[in-house]
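Residue numbers (the working numbering), protein chains in the order written: chain A, 1 to 346; chain B, 347 to 881.
Rather than coming from a laboratory, the hints here were simulated on the basis of the structure. Computed from a prediction, not measured in an experiment: that's the story for all the values here. We put the beta carbon where it would ideally sit given N, CA and C, even for glycine. Just so you know, not all the hints are guaranteed correct.
To be verified - In silico contact screen, one side only, chain B against chain A (beta carbon under 10 Å); selected entries:
| hint | residue |
| --- | --- |
| 1 | 397 |
| 2 | 453 |
| 3 | 499 |
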Amino acid sequence: MTLSDTWRKLPRPLRIVLGRLPMVIPQMFGVIFVTFMLARLLPGDPALLMLGNMATEESIANLRAQLGLDGTLWQQFAHYMLQVLHGDLGISLFTSNPVATDLMERAPATLELVFYSMLLTVLIAVTVSVVAVVRPRGVADYFSRVYGLAAGAIPDFWVGLLLIFLFFSTLGIAAAPFGRIDPLVTPPPAVTGFYTFDSLIAGDLSAFRSSAGRLVLPVITLTIVNAGALMKMTKTTFAEIWRSDFIRHQRASGLPSRWLVRNALRNSLPPIITLVGFLVGFLLGAAVLVETIFSWGGLGQYAVQAVTYSDYPALQGFVLVAAVFILVVYLVVDILYELADPRIET
Amino acid sequence: MTADTPLLEVENLSVAYGDRTVLHDITLSLRPDEVLGIVGETGAGKSVLARAMLDLLPGGGRVTGGRIRVGGRDLATLPEPERRALRGGTVALIGTDAKSLLDPVRTVGAQVADVLRAHRRLGAAEAKAQAIELFAKVGIVDPEKRAEASPHQLSGGMAQRVVIAMALIAEPSVILADDATLGLDATIQVQVLDLLVARCRELGMGAVIITHDLGIVARYCDRVEIMRDGRIVEEAPTARFLSAPATPYGAELLGAARARPAPMARAAAKGATERPLVEVVNLVKHFTTGSGHVVRAVDDVSFAIPAGETLALVGESGSGKTTVGQCLARLLDSDGGAVLFRDRDMLGLPEKAFRPLRRDIQMVFQEPYVALNPRWTVERLVGEPLGLDPEMAGAEARRARVREMLELTRLPARLAEAYPHELTAGEQKRVGMARALATRPAFVVFDEPTTALDIRVRAQIIDLVRELQREMRLSTLFITHDLNSVRSLAHSVAVMRHGRIVEMGETERIFAAPSHDYTRMLLGAELPIERYTAA
């Protein structure tokens, strides 16, 4: 009784965070278990795969022991769990580097791409849909309708190639689609892993210009492909709230239009948050075609490589990292969602 | 502006939607310190008129003629920024269903402060302080704390006060109250309107009260305009209208709003020792909320209804009256007590044994449209309960009974093929009744049959129930908070509060000499027009 009283007295945002955070532990455990089982279910003996056809019985047995594959399923799981907790995801068969190192190198590339794409996507989708609803039959309204129709049907690699053809090959105004930074420019020392941030931290303007320039086309590509869905949904939600009784009452009370837009947008937040969270998780792996076209060297490319070369430790590592990342995204989404809507009981 | 300049003048105003004219040639004016009532039934164009006064016609309506002057200035010629300043600043609107008028994700204090800041140059903190000050004046207890609440945490009456504060805070000269208290309990309605009118008088504002309740007009308005089909058909000082309406329509409305002559003579002679048809003994029903709280919705309730009589169960929302009705029809399982029907306890019966009894015990639901399957025709809806009656197996017999029921409830036979959405609210109520009466039950529970209906429709429904009772010798439990219909229908009254019956007795006795404080409060909140029309 006293415990629940103390709980009630906490500020609502704190209750939301404290209520949601502990859920992460069983979720993480589940994710690790699933990735572990995933590797067990794959066909073939990992030791045999790793050593190739010329392996002797003895070397296979040795490797099995080394990989912890000779115990029972639960012993193996405990072993794997322990490794994961120590940050050891195994050695990639293809790159011969520890998988954790590989992933740490590539993840920031993808995350930087996803970060800027989502920023631009939200900015464009929300602005266009708000203007389209507030001024029906205006330019934004028609634009959003035409674009909304087309958006679901444009493949990302096609947009990427088109943009490269137009702005790099023909007009020559865009940066080359070969990686995250000009090979002649030294990448900034890693702090966040985002080249744009790190170069600013290091005060290296030429590195910033180069990395920002390289980002433009892939970010625009991902935005064009993904903004359609967010725009459609935001427009529907926002339009409904824009017509609602309370917005009409605020208008009748003489509130300026800008305040009305702000208040209506505040009410449209929950579905926007959900979709943005979903898109971020989705882009993590789905950006692979764009990464390939722009030789980005991100997570998606690494995963495809791992599949192509039956690089199971790398694949397992990727799945684990992606799953954990998505968990974190959904954690943030859930918390923001509850913060945005005071009607949810906490 | 002299003291005699009207605050608001509407001159030959016409409004059209496409080719359809919804307001014809409306002329009216509001003087300072005056409360004007605009009365009309659904579809009379009252709300469109209110929105037109703010230049906020919804959904593509346009002014096709005439003009509106606010404080002598023509609305049509004002530039947009001044029109915005006028909304809420000079003319403030209070709408129906306060909860839907408040932004669900922001605190109510901030919302009221916003309105002030939209009209005055003020800092957020100062505006908030003024909002809290006003909250206290509109009867919000603990205003500082309430200001931090979100709308979903407030009751309907509290939300209505917040909306009133929103209207008052920028000190406008005209308040438009468009059915502002619709759906509130009578006690809350009186508190809210008393407060609103008192504030208006105090500040010298003019008020326009738009309503379909003549009781409200009688109590609060100096003058009344009667609207019908987009026209003003009668305009008179309230007292004159109530004593002698000049038009047939006005007279008809007034007649419909009056309570019917005292209930019929008691069906059973006093001396007869006939057992009551329905007897409820110590009925108990508890609900457990999500957080483990036990709500005693019905807490030890007992009453009896003799054959052919009506017991009215009155009380505010949340008093448990609907729950009692649902326990009686066994739509809810009870947690204790007994319900004797013809001296047999029905609560203990297994569902199978109770099923044949359903023919005799029927319920008319509160919201007819929600209770009717939207994909079924009226014929099928009314005929459905006949499945309970083994004698009604043949399609011909059923058809005949449905026709008979439609006739009984005064529904035209052509409606048999109609779907619920094609019916008016009054017709839907009738279909709900026809459906309940189809099996010729001995006992019917009416749940709020007259709520949210227009004056004339309500009178028709009341007359219908009276006639049905006479013709079918029905016993009814009449659940309502509409005291006017209680006077017209009930033989006896039970007053419920917090799940208990606080007072019970014959209708005349309760209305003439209530003994419990709560009953007195309920009755005091009624706005009968008789009090004002009596010479």
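Going through the hints against the structure:
Interface restraint check for residue 397 of chain B: the shortest CB-CB distance to chain A comes to about 8 Å, inside 10 Å, so the restraint holds. The closest approach between the C-beta of residue 453 of chain B and any C-beta of chain A is roughly 8 Å, which is under the 10 Å cut-off, so the hint is satisfied. For residue 499 of chain B, the interface hint holds, since its Cβ comes within 10 Å of a Cβ in chain A; the closest pair sits about 8 Å apart.
In terms of the numbered hints stated before, the structure departs from none.
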